[in-house]
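Enquirer: What follows is each chain in one-letter form.
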Amino acid sequence: MLDNAAKPSKPLVQVRDLQMHFPIYSGLFRRQTGAVKAVDGVTFDVMEGETLGLVGESGCGKSTCGRAILRLYDITGGEVAIDGARIGKMSQGDLRPLRPAMQMVFQDPQASLNPRMTVEAIIREPLDEHTKLTAAEKEKKVGELMDTVGLNRRFAKRYPHAFSGGQRQRIGIARALALNPKFIVCDEPIAALDVSIQAQVVNLLEDLQEQFGLTYLFISHDLSMVRHIATRIAVMYLGKVVELAPRGPLYEEPLHPYTKALLSAVPEPDPALAQTRERVVLQGDVPSPANPPKGCNFCTRCPAVMDVCRQIEPTYQEVRPGRFVACHLYESTGTADATAGHP
Amino acid sequence: MPDGADLPAGTTPVLDVQHLKTVFRVRGGEVHAVNDVSFALGAGELLGVVGESGSGKSVTMMSLLGLLPSPPADVRGGTVTFEGEDLLQLPLDKLRKVRGGRIGFVFQDPMTSLNPVFTIGYQIMEPLQEHMGLNKSAARARAQELLELVGIPGAAQRLNDYPHQFSGGMRQRVMIAIALACDPKVLIADEPTTALDVTIQAQIIELMKDLRDKLGMAVIWITHDLGVIAGIADRVVVMYGGQIVEHAPVKELFRNPQHPYTRALLTTIPKISGERARRLTVIQGQPPILGDAPTACPFRDRCDVAIPRCSRENPPRYDLGHNHDAACFVAKGSQHAG
Amino acid sequence: MTDRDIHADADNLLVAGDPTAPVKAVKARNQWLDVWDQFKTHKGAVASLLFLIFIALFVLIGPWLWGLDPAALDIRNKDVRPIVNALWGAEKVSWAHPMGTDNLGRDLMAQIMQGGRISLAVGAAAMILAILIGTFVGVIAGYFNRLDGILMRLTDLFLALPLLPLLLVMMLLFRDPLRSAFGPEQGIFILIVTGIGITSWMHTARIVRGDVLALKEREYVLAARSIGTPSRRIITRHLLPNVLSPIMVSATLGLATAIITESALSFLGLGFPPDFPTWGKILADSVPRMTAFPERVIWPGLAISLTVLAVNYIGDGLRDALDPRIRGM
Amino acid sequence: MLTYTFRRLLISIPTLLFIAFVIFMLLELAPGDPMAQMPLTIPPEVKEKMRIALGLGEPWWIRFPLWLKQFFIIEPAYWIDNSFGTDLAGGAQRIVSFQSRSPVFDTIAQRLPQTLWVVGMSYVVGVIIALPIGIISAYRQYSVFDQAGTFVSMIGFSVPPFFSGVLLIVIFSVTLGWLPSIYDTTLVVNSWATFKMQIMQMVMPVMVLALQTTAQVSRYMRASMLDNLGQDYVRTARAKGMSESTVVMKHVLRNSMIPVITVIALGIPSIFGGAIITEQIFKVNGLGQLLIIALQGSDIPMVMTLTFLFAILIVMFNLIADVLYGVFDPRIRYD
Amino acid sequence: QDTNPGGERGRDGSVGIIYWQAPSIMNSYLSGGTKDIEAASLVIEPLGRYDETGAPVPWLVDEIPTVENGGVAEDLTSITWKITEGLKWSDGTPFTANDVKFTADYCMNPEGGCAQLAKFEGVESVEVIDDLTVKVNFSEPTPNPYGPFMGNQSPIIQAAQFADCTGAKAPECTDANFKPIGTGPFVVTDFRTNDVIQLEANPNYRDPSKPAFQNVTFKGGGDAEAAGRAVLQTGEYDYAWNLQLAPDVIAAMAEGGVGTPIIAFGTLVERIELNHTDPSPNLPEGERSTRAHPHPFLTDEKVRRALSMAIDRNLLVEVGYGDAGRATCNIVPAPELFASDNTGCLEQDIEGAKALLDEAGWTDTNGNGVRDKDGVEMNILYQTSTNAVRQDFQALIKDWWEQIGFGVELRNVDASVFFGGDPGSPDTFQKFYADVEMYANNFDGTDPASYLAERTCDKAPGPDSQWQGQNVNRFCSEEYDALIVKLGQTAELEERATIAKQLNDMLTKDSMSLLPLVDRGRVSAKSNTLGGVILNTWDSELWNAADWYRMKS
Ligand SMILES: Nc1ncnc2c1ncn2[C@@H]1O[C@H](COP(=O)(O)OP(=O)(O)OP(=O)(O)O)[C@@H](O)[C@H]1O
Ligand SMILES: Nc1ncnc2c1ncn2[C@@H]1O[C@H](COP(=O)(O)OP(=O)(O)OP(=O)(O)O)[C@@H](O)[C@H]1O
Ligand SMILES: [Mg+2]
Ligand SMILES: [Mg+2]
Ligand code: NI
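Residue numbers (this note's numbering), protein chains in the order written: chain F, 1 to 343; chain U, 344 to 681; chain H, 682 to 1010; chain V, 1011 to 1345; chain E, 1346 to 1898.
For the record, the hints were derived by calculation from the structure and aren't laboratory data. Computed from a predicted structure; not experimentally measured. It cannot be assumed that every hint is accurate.
Here are some of the chain V residues that sit facing chain E, going by a computed Cβ distance under 7 Å [what the hints assert, rightly or not]: (1) Pro1041; (2) Val1106; (3) Thr1117; (4) Ala1119; (5) Gln1226; (6) Gln1241; (7) Ser1255; (8) Ile1303.
Chain V stretches covered by chain E per the calculated footprint, using a threshold of three residues with CB under 8 Å from any CB of chain E [as the list claims (entries may be wrong)]: (9) 1136-1144; (10) 1159-1166; (11) 1177-1186.
Where is the CB? At the ideal position from N, CA and C, for every residue including glycine.
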């Protein structure tokens, strides 16, 4: 359905109306009285071999989305299919054999490595769980993986704290690669890193993609980095995807007002350009996902808000080939009007 | 290097740091985190400080106000002249008057820098009562004013809220409000936006610009995000390995970077617009270990233009004209200056 | 956050560009050697370890070297004073009984040795039992939300259980079977250890539960889940090693509590067979003659206190040593 | 918060009933007999008759519900009758001790004051001493003060009270003759002299017990302070120009007290449990002595009631500790 | 010691008594505990008491009824007491024969669970003849009619106060039980159970110059050591009861010079019972320690004798009791009339014991240090209650027995379990799931008949009797049983004594069915300023508290 005729590749991951609500309990008998709608109806495909960027503000549900796709949570609704297998409602036990195909690189390289395990043990853990290799074979494989991600093999017996952020992230990547996955969710793999190290990790990811034909879901809030790595980009706001487009068009001509604001907020590392840039500074804070506003989620901060936005939730639809937007500005009638109606 | 060399001619510095040196004593040796750092800050000026993680930015600034825990920290030398007094020699009770009173400090991590068990109001009012001698109600009124100033809606009610009830961006704004509480002459902001996402970062940058124009204070803004610097700084100091390796007005620096580290830094950042690089440039190698006082150029191992002299001698900061200097033997104009 | 940042920074200086670092890592490959190296830097811990080794040798090899039976009566040589009293000219001292004898002429040194065996064994075994139960309950309660409520109420129940009737019931139910299975001493030993153990695990359980509640939200636990690691291995591989340090503290205090509880039981007449000295019992029995024969309370009192103190310091040292972050520096 | 508390209270009821049942069965199973303290000269037939008169002839499934009824219905009824002059109880049988044949609640009420005075005071004193020790130890970590604190508290923790108590008596009562060795429970404090007497007789038991409390609480305080001294907000406070005492005693202390307060709250039930050995040594005859005498005399109604009251306190203070956590730490909200 | 100078009631202020076991009730009929009975004896009194020599003395009567003075019927079926005229209860009402009768009814009420029921054994009825005369009728001739109303166990309680407290209601009368109205020298003003009793002089006491003390503080709780310390060292109290402490400890305390230990002997004998039945845990429950299975080696008289010979009783006394003990070979050590002259066991004879065992065929055939025969190893489980002196005894005796080739395992059991009759517990002394056990026992008053009668075959505890009964070693001899019957029919004192000695010897030197060790005296302590104290083991220690006074130096 999302399939783009222009793209020859087939979707590896299909996400349909994915919902992930964290229940809020209260009252005398701890009845569920509400929910944090961290992810609230997200639909997209990830094509084989591509990198889908997922961007948005902090707390908009990016990580939750990524984790829900890998079924690290028991999802509230919707369906996820990876390589044809519908995993949305599978039990964790049934999922286990499928785990090798889908892996994750975590947001915080420090927090996602057990401080009391050696690097070798960390990278070996997936092998222990899913393969029947002998100890020697595992050691060899761990060594290879370390080579692949560019870690000195001699560091194998060290603990994570003894590494720099970039090296730690490499350990996380090596762990994710251990089982030859097809699909990797990279949850802000560079957010916690220094600029110069960020580049190292991004390059590594790209190299690996080339080498093994990996598919990435690349979560980030660093728009410049996403622009660099992603083929297509989905923009999230408060649990929903508001815009999805190929990289080029999105940066050149963002459609959704939120995307525009987001892009304009990125600081320009060139003082000459910086002073000429027009900025859309959003006012106010992101509403709580436990209590999203009526109508369009973005209506509280949108510079182009209309009355209809406060009443009716916009539908997420393809407004141009390969470009999906959920905004009343582009609703039903077609692009021409919408752009016209937009200042 | 001569005093005031950092400043555009004719301005007198509000804060003048000369030859600052800070060492941490740790198990198994010492960490020379800040080595012979000198810079000056003019009134109403915004000085950007960039450098990769661990290059000593935070330590430098905290040394100024004696905020480092000692032990392990030990400020070994240098002078910090502020309003005619050397802060490093000041007795603690006088220094306390400077801290929070005339120099405000915004820390790197807004999530942990506020005390979780006191209300925001209390925490803003504290320095007001301490330094300006305001009574409770006056302090409260002022606190409310400050919250409004940093753009927090419903300030009156929010004074009674606890930090955890604020979002990260709001907490950072509260930190700024605290730092601004006593109308400081100088505001030191240590990566105030690194932990935030772009939209909030944009809000804070706008706020800063505003406040600076309104209050006319001098600001030191630490970051490793060159994009931010490009947007707001007047002058930039680039730190590497505990030293200032380059210093220039902002446009000059971006147009004409002289230190190889600065150049490398500028190329690593992917651009939001324009041509998309096929591959990101990386600075190969690892940052230096600061185990000893430097005897050689700290960047030599990663430098693509290193010459043998780099590993024998630590280059001094060569004045390159146009208020621009760089600590590199191979920088343009260093030859004649050296 | 902060600690993380500081460590991260500190790490840079270790790894970063240090050409000798890998070499060092290769040399110190054995992680237990690392632990030992770190442990050695804690002076109190090393001194305590030496003391504990001394005590252990004293009670284990001592009786074998010393050869006197702690229960052997020598009524003619009763109330011999310790040899140090000779310094200020006490009348009744004898090299045959360097620590003196009691009112029936039993050799105090032999008793302290024999008593130490039991006290230390009871202390250690009861502590280990308490730690095992406490850790198990704590981890399960913390990890499985559904079991949390019921396990914590169970903890309340055990907190409310009175130790004395419990021990009496256990004696009633299990003494004879245990006696026939393990002999009288071991039987009582098992009973006492179990009694103390199952009434002192609750604090550990609470602490461990609290930590696990926080730890299980850590990203590395999620990472393990993403790999497909089943719960039981998540617990053993990722959670347990990280709650080690509070467990260590509980263990230290637990050892002290167990030794003292045993002595209180002796005091209340519920302990080992009467011809079985323990430090607690030697102490309790000597209290009435404290003024006339202070040595009889000093020896066991010192033994208990110093052991507890030593274990405390060793616990501190070990906690530091086992933390790879601190060790790394 | 309120609903949370209420919900926890509701859960406590089945928990407590279950605890009561377990304790009852434990006592039921326990060997020992209320006749044990009767001289051997009393013939067995007579003892058997006495047992039956105590109600021991009935099986447990009759006696347990009876006890529950007495505890939850009759005793409160008597209490209400006493305070409001009503007549709800209608002369129903109260819980009566085997040993004294008097209502156990009367005895407990009689014992409560001295236990609160001595054990409670020792707790207060222990905590009051422990807090500054913990704070200073942490603020000056690894200083001489800190090392000495560790040393003394560990020793304090490891010396059994049956020894330290007697030692104090030998020193202060026998040798020096300064303090009484026997606590006078009948002393009524109504003048300066009697107040002085009261203080004198409390000094030693309070010291012995406080040592243990101090040892534990100061350790917790120290650990907690150490955790917080390294936090970022401490630096913020300093950067604001706050004086060192404000920084430590306000910012750090307030945060450090959160876990310590719960530890302290959790220790309070043990006050009401009395201090068996210490009370015995100083003849304080509080609840601890009552319990041990009842245990030794197999006075089941007394043991059962005391233990169950203790269980109630444990459950309540666990709840209070959780609620306190929420009160003192604004980050925690239970609903 | 100077004598009571006499004078006005209450002239000497207050006196402090400390009992390390705390009294829990003041009604001797609801608790048989010594501490309770003795505390009560300050308030309520019997008609007649025994003095420190064991001789009966009239107390609330003019004379002790005997056959000679006609008080006891010739056929021994009744006894008539004549109450002294003019006696008043402490509330001022007159003391009458009705109160005496009421007391008997109170105790004999089947629902009351009266602890002193044994005192009223054989009582058919109590008749009030007139206000001051009361007659007790027995159902059969009773050679010793001094059970009811004689001695501290059966004091008279006031009918008016206890009228509503009979039978099942007895425990509900807390007030009466805690503050009985009595004829004794003191009245309770404040009773705190298991803690402290405060008393003041009885304003209606029969002797206007007594008691010398206006107030009594009767403190309970703690341990014997603390009680001793309070009297002997710190002088906080004037009288401490029953200091069960090692002699050297008491001696050390007494050096303080504030107080003095006082000693008196009664009939209490520390003894070792030798189990005649097999306590092996391998036997099915219900057959263990019953006559169905004789003990594998303790049934051998030579073995028992050897065990006795190995013991140095004098040393035991020296270690455990000092002046407060006397080595004895008798189970009835007093009164003199009834005490056998048996001293054969006093000399320790290890070699003799070994020879005896060899002779009996018990030798160490397998070289493990323990004698055996036919595969039976002489391993002994030796149990007693928890108590410092007993544990010292255990250690010493174990040592001697091991010297003659026994294997000895010690066990101590909490006293509340050991002496509790809980049939569910394996550790009671009656159940005797051990080979030998040690405890002390005595008899009330001066007549050992019922005490000796406890040793007949049918008094052996067993599953049928709910493990009750005092013949704990399960000794059984028809000859002995017959002699007991004979004793029951004999009234003449000399003859009774002869029979009693014979019975004592049958149990001890003839059969060695049990090993008497020490005749234990009672050690109490009194302040050096407390006068008039006469330690009495035949009655309450506080029997003459009315005569106590403060000595002036
Ligand atoms: N386990 C949870 N229970 C309840 N709420 C949760 C849970 N995990 C996440 N949330 C909430 O869901 C929302 C989305 O969180 P998520 O971590 O997915 O954000 P994010 O987009 O990844 O943000 P960031 O960029 O900061 O990582 C947040 O409001 C968060 O508070
Ligand atoms: N308490 C400390 N003990 C030892 N070394 C320290 C300590 N604090 C900082 N350092 C060292 O000082 C050096 C400079 O640290 P600093 O925090 O100033 O870096 P920074 O430039 O602010 O980096 P970032 O961008 O990550 O904040 C680092 O190498 C760090 O390891
Ligand atoms: Mg995230
Ligand atoms: Mg920094
Ligand atoms: Ni942290």
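Enquirer: A separate judgement is required for each hint: does it hold in the structure or not?
Expert: Verification of the hints:
1. Here the hint on proline 1041 of chain V is kept, as its CB sits about 3 Å from the closest CB of chain E, short of 7 Å.
2. For valine 1106 of chain V, the shortest C-beta to C-beta distance to chain E is roughly 5 Å, which falls under 7 Å, so the interface hint holds.
3. Taken as an interface hint, threonine 1117 of chain V checks out: its beta carbon lies about 5 Å from the nearest beta carbon of chain E, inside 7 Å.
4. Interface hint status for alanine 1119 of chain V: violated, as the beta-carbon distance to the closest one in chain E is roughly 11 Å, over 7 Å.
5. The criterion of a C-beta within 7 Å of any C-beta in chain E is not met by glutamine 1226 of chain V, whose closest approach is roughly 27 Å, and the hint is violated.
6. At a threshold of 7 Å, the smallest CB-CB gap from glutamine 1241 of chain V to chain E is about 50 Å, leaving the interface hint violated.
7. Because the beta carbon of serine 1255 of chain V sits about 46 Å from the nearest beta carbon in chain E, more than 7 Å, this interface hint is broken.
8. Evaluation of the isoleucine 1303 of chain V hint against chain E yields a held restraint, the C-beta minimum of about 5 Å falling below 7 Å.
9. Evaluation of the coverage hint for the segment 1136-1144 of chain V: breached, as 0 residues show C-beta separations to chain E shorter than 8 Å, against a requirement of three.
10. By the rule of at least three residues with a Cβ nearer than 8 Å to a Cβ of chain E, the coverage given for the segment 1159-1166 of chain V is violated, with 0 such residues.
11. With 3 residues bearing a CB less than 8 Å from a CB of chain E, the segment 1177-1186 of chain V meets the requirement of three and the coverage assertion stands.
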